[in-house]
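Q: Sequence:
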Amino acid sequence: MKNLHFKSWLLALSILILSPLSALHAEDLLVDYYGVVSASSDTNMLKMAQDVFYTQLKSIDGIIVDDKRPDISKAASEVPLFIKTNAKIYFYAEISDEKTDAGQTLWNCRFNAVTSSDGITHTATENYESYYKILVGAKNAIEKVLSDLKEPDPQFASADKDNIAADFKTGVDIESLAGTWSGEPFADKIIILRGGRGFVIFKNGATMNIKISVKKAVIDGRSTNLEIAQVGKSNASFFPELSREQALACAAKAAPITWNFALTSADTLEGIKNTVIPTNDGTEQGTVNSSWTRR
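In terms of the numbering used here, the sequence shown is residues 5 to 299.
Hints in this document: simulated from the structure, not taken from any laboratory. Among the hints, a few may not be true.
To be verified - For lysine to any residue, the following SDA-like pairs were computed, each having C-alpha atoms within a straight-line distance of at most 25 Å:
| hint | residue 1 | residue 2 |
| --- | --- | --- |
| 1 | 137 | 48 |
| 2 | 207 | 124 |
| 3 | 137 | 220 |
Said to hold, decoys possible - Label pairs and their calculated CB-CB ranges:
| hint | residue 1 | residue 2 | range |
| --- | --- | --- | --- |
| 4 | 250 | 88 | 41 to 51 Å |
| 5 | 259 | 209 | 19 to 29 Å |
| 6 | 87 | 250 | 41 to 51 Å |
The beta-carbon is built from N, C-alpha and C at its ideal position, and this holds for glycine as well.
Kindly produce the complete structure, drawing on both the sequences and the hints.
A: Following this line, the structure appears as structure tokens:
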């Protein structure tokens, strides 16, 4: 009997301890996916595109997706009727094609996120020159249209408050960094959003979520006032400078990648990247010089 009481007390204590931690996580965004709407005759491309969009939606942190496509084998010819569910967002894409003067097909993609509460449609539009460009670039547009609709993560909300206070001390305005940046080896581009969030889009198609914080530091004798840190689990694709075998091994145990930057001009960040680097004997945690420039 004493043992039973002890177990009950231990369970209650565990709930009290873990509940506040659980409350720190933002609620997942529930999304109903309605596929692709298009009048294009390229049915194979449309089928592949709507499958890719579904896969990319499911890979985004904080998103729970329910497949509501009327027919998963083909695109719809008109916007489907939305079924009332607990989802906050009804998501679908519209695709049209046109020929350029050079005879090349250009795919016009419009990503639509309809909020179920008020019926307002939030959109992001991108043009792609090939199916491959859709494959590697669509996730960026999908994340862009959904980013402002997700519940703010308390981790980011707390960081935002700290950043506002820190801005006055360091002279760094996090909001002013919003935009598209380049300079990261093996990356196609870096997107920084308002609110201290963003993502790195690698040339291999991988996407790394990042958060930006005001943080003073002196690393290898260099003064920095910004920290940009990887959010979420590591992926072998985050280490394109390593061999595939090394990258797979590092992904399982590597610390999150971080950058410590100083804002040297309105459009230039210079500093150090903390990551896994190759050595003669394999790999090790180390630093390399890094510089980002706003496009």
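Q: What hint numbers does the structure not satisfy?
A: 2, 3
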